[in-house]
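Residue numbers (numbering that gives the first Met the number 0), protein chains in the order written: chain V, 0 to 97; chain U, 0 to 391.
By construction, these hints were calculated from the structure, which means they are not laboratory data. Here a beta-carbon is modelled for each residue, glycine too, at the ideal position from N, C-alpha and C. Take the hints with a grain of salt, since some may be wrong.
In silico SDA-like cross-links for lysine to any residue, where the CA-CA straight-line distance does not exceed 25 Å [to be verified]: (1) U/Lys192 x V/Gln19; (2) U/Lys198 x V/Ala25; (3) V/Lys84 x V/Tyr73; (4) U/Lys225 x V/Ser15; (5) U/Lys192 x V/Cys23; (6) V/Lys10 x U/Tyr256; (7) V/Lys10 x U/Pro204; (8) V/Lys13 x U/Asn220; (9) V/Lys64 x U/Leu201; (10) V/Lys24 x U/Glu214; (11) V/Lys64 x U/Asp202; (12) V/Lys24 x U/Leu215; (13) V/Lys24 x U/Thr195; (14) U/Lys198 x V/Pro18; (15) V/Lys24 x U/Lys192; (16) V/Lys10 x U/Asn220; (17) V/Lys8 x U/Thr210; (18) U/Lys225 x V/Asn9; (19) V/Lys10 x U/Leu221; (20) U/Lys198 x V/Gln19; (21) V/Lys13 x U/Lys192.
Estimated spans, in silico, between C-beta atoms of each pair [unchecked claim]: (22) U/Asp200 x V/Lys46: 38 to 44 Å; (23) U/Asp200 x V/Asp74: 25 to 31 Å; (24) V/Lys64 x U/Val211: 30 to 36 Å; (25) U/Val211 x V/Gly95: 33 to 39 Å; (26) U/Leu201 x V/Ser70: 43 to 49 Å; (27) U/Leu201 x V/Lys64: 18 to 24 Å; (28) U/Pro28 x V/Tyr73: 51 to 57 Å.
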Amino acid sequence: MIRPSITEKNKIEKLSRLPQGGSCKAGVLIEKNAGWRNKCPVYNPDKCTGCYQCYMYCPDGVISKEGKGISIDYDFCKGCGICEKICKLQAIVMEGET
Amino acid sequence: MSQVRFISGDEAFALGVSLARVQVISAYPITPQTIVVERLADMVEEGELDSKFVHVESEHSAMMTAMGVSAMGARAFTATSSQGLLYMAECLGYVSGGRFPIVMMNANRATALPWSIYGDHRDSLSQLDCGWIQIYVEDAQEALDMAIQGYALAESENIRLPVMVNLDGFVLTHTYEKVNIPDRETIDAFLPKRNTWDKLDLDNPVSMAFTVGPELNEEFNLLHHKASINALGELARIDKEYAKITGRSYGNAVKGYRTEDAEYVLISLGSISGLVRDAVDRLRKEGIKAGAIKIRMMRPFPKDEIAALTKNVLAIGVIDKDISFGYEGTVYTNVNSALLQKKIYIPSYNFIGGIGGRDVSVDNIESCFKEMINADTKETVRFMGLEVIDDC
Numbered sequence: 000m001i002r003p004s005i006t007e008k009n010k011i012e013k014l015s016r017l018p019q020g021g022s023c024k025a026g027v028l029i030e031k032n033a034g035w036r037n038k039c040p041v042y043n044p045d046k047c048t049g050c051y052q053c054y055m056y057c058p059d060g061v062i063s064k065e066g067k068g069i070s071i072d073y074d075f076c077k078g079c080g081i082c083e084k085i086c087k088l089q090a091i092v093m094e095g096e097t
Numbered sequence: 000m001s002q003v004r005f006i007s008g009d010e011a012f013a014l015g016v017s018l019a020r021v022q023v024i025s026a027y028p029i030t031p032q033t034i035v036v037e038r039l040a041d042m043v044e045e046g047e048l049d050s051k052f053v054h055v056e057s058e059h060s061a062m063m064t065a066m067g068v069s070a071m072g073a074r075a076f077t078a079t080s081s082q083g084l085l086y087m088a089e090c091l092g093y094v095s096g097g098r099f100p101i102v103m104m105n106a107n108r109a110t111a112l113p114w115s116i117y118g119d120h121r122d123s124l125s126q127l128d129c130g131w132i133q134i135y136v137e138d139a140q141e142a143l144d145m146a147i148q149g150y151a152l153a154e155s156e157n158i159r160l161p162v163m164v165n166l167d168g169f170v171l172t173h174t175y176e177k178v179n180i181p182d183r184e185t186i187d188a189f190l191p192k193r194n195t196w197d198k199l200d201l202d203n204p205v206s207m208a209f210t211v212g213p214e215l216n217e218e219f220n221l222l223h224h225k226a227s228i229n230a231l232g233e234l235a236r237i238d239k240e241y242a243k244i245t246g247r248s249y250g251n252a253v254k255g256y257r258t259e260d261a262e263y264v265l266i267s268l269g270s271i272s273g274l275v276r277d278a279v280d281r282l283r284k285e286g287i288k289a290g291a292i293k294i295r296m297m298r299p300f301p302k303d304e305i306a307a308l309t310k311n312v313l314a315i316g317v318i319d320k321d322i323s324f325g326y327e328g329t330v331y332t333n334v335n336s337a338l339l340q341k342k343i344y345i346p347s348y349n350f351i352g353g354i355g356g357r358d359v360s361v362d363n364i365e366s367c368f369k370e371m372i373n374a375d376t377k378e379t380v381r382f383m384g385l386e387v388i389d390d391c
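Work the whole structure out from these sequences, hints included.
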């Protein structure tokens, strides 16, 4: 899976620096998008069996497979809580945003 | 070896599309475009053309399918006419703004109401602002040749814009003419398979058809504008290259006839241009210094080329198979603006004719010249060839 990292936004000063055809390089992110999250998924690897239901259901694609468990990209998680709902073992619990 | 066949404009265009080895054809039938689509369907069915034929439910879908095909890096073709063109109007700006090099044939036909299946230029001229390159051909041979050259133009690295090739409905689409058909090897060498970096590709992912906010939107439109202007020079370059392999040249975006010493020049688009040249020859025999200019490309608009041909002219006239209700013909608006920008201040007249398939005769055209010569300035915009007395 392609997981682009945040890169700095370049100021475009010349027309020739804009994409000249109909497309530009994909996978360029210049800002995080998690500002409206008010509850945060907290992952407990000890309870996780690696069923990857959370990975399958996450509507924002912020849960990745990592080793036998998962990792969560908090830069883009909107805090919807679907992962908590789908996890039968409570390996993910929504907690108040700190 | 090339071969000569007796075929209609639609059939000539279909053969041009076949020679261009178009990979996907998506189209919805509409008179007088139907035959081009039928012939291509036959070619695909009989295995003569290695192409996918997609049956779509509307012109809107035809254009969006072509855009998807083009986004995959393949060569796409569609064709339409009149109401069909207007129905796909929303998609035209998507395709041009997204810089997808599709070629579309448009069979010029009147737009409703009053309902008519016959030809005029109101359909395509209403879409001048949609960002496409617009070409108008004069005969079936030019139709075939511009189907092929259209792809070369559209896919040029410094253009990357869709091209609309316009054929006068019935007069060109359904009239049979002698057409020279180049052989496949010649065209394969002239127009190789499309090969672009600009496509949907898992190994090299790109963002296409993107949103741009006010901070850069104007700049993207400026790039589009510059790309369109590049087509003026590129058309002339492609014409020369094509002439080398086929022996046929159409010149650049405008073609003058006896303009060198002309005092009165009539400007036209498409199939009527031959008739204008006939009228010029007749008037020359009477000692009148008449000339003609055929505009082959309405977008980008060849303003410099037109101005260069009208420098020593006493008056110009523009024949429009179009009326922008409440003002004048759109070709006339464009020509006047070009002359004004070049500081050419001469009387100009607009002759509206051929609307809804009305036949324009050589006598009609001669009388346009006579009206310019007599400097009858009561009305600069007038309808010609009316069948009834205008008493309203």
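Results of checking the hints against the structure:
1. U/Lys192 x V/Gln19: At roughly 21 Å apart (the allowed maximum being 25 Å), V/Gln19 and U/Lys192 satisfy the hint.
2. U/Lys198 x V/Ala25: holds, 11 Å
3. V/Lys84 x V/Tyr73: Measuring from Cα to Cα gives roughly 18 Å; hence the hint holds.
4. U/Lys225 x V/Ser15: Judged against 25 Å, a Cα distance of about 12 Å means the pair holds.
5. U/Lys192 x V/Cys23: Status holds; Cα separation ~23 Å.
6. V/Lys10 x U/Tyr256: The hint is violated at about 51 Å.
7. V/Lys10 x U/Pro204: With a Cα-Cα distance of about 23 Å, the restraint between V/Lys10 and U/Pro204 holds, given a limit of 25 Å.
8. V/Lys13 x U/Asn220: Holds. V/Lys13 to U/Asn220 sits at ~14 Å (cutoff 25 Å).
9. V/Lys64 x U/Leu201: holds, 21 Å
10. V/Lys24 x U/Glu214: Distance ~19 Å between V/Lys24 and U/Glu214 Cα, so the pair holds.
11. V/Lys64 x U/Asp202: Status holds; Cα separation ~22 Å.
12. V/Lys24 x U/Leu215: Holds - the C-alpha atoms of U/Leu215 and V/Lys24 are around 17 Å apart, at most 25 Å.
13. V/Lys24 x U/Thr195: Satisfied, since the Cα-Cα distance of roughly 14 Å is no more than 25 Å.
14. U/Lys198 x V/Pro18: With Cα atoms ~13 Å apart, U/Lys198 and V/Pro18 stay inside 25 Å; holds.
15. V/Lys24 x U/Lys192: holds, 24 Å
16. V/Lys10 x U/Asn220: holds, 18 Å
17. V/Lys8 x U/Thr210: Roughly 16 Å between the alpha carbons, so the hint for V/Lys8 and U/Thr210 holds.
18. U/Lys225 x V/Asn9: holds, 24 Å
19. V/Lys10 x U/Leu221: holds, 18 Å
20. U/Lys198 x V/Gln19: holds, 13 Å
21. V/Lys13 x U/Lys192: violated, 33 Å
22. U/Asp200 x V/Lys46: 38 to 44 Å: holds, 41 Å
23. U/Asp200 x V/Asp74: 25 to 31 Å: holds, 27 Å
24. V/Lys64 x U/Val211: 30 to 36 Å: holds, 35 Å
25. U/Val211 x V/Gly95: 33 to 39 Å: holds, 38 Å
26. U/Leu201 x V/Ser70: 43 to 49 Å: violated, 24 Å
27. U/Leu201 x V/Lys64: 18 to 24 Å: Holds, since U/Leu201 and V/Lys64 (Cβ atoms, about 20 Å apart) stay within the stated range.
28. U/Pro28 x V/Tyr73: 51 to 57 Å: holds, 55 Å
In this structure, the hints that do not hold are numbers 6, 21, 26, in rising order.
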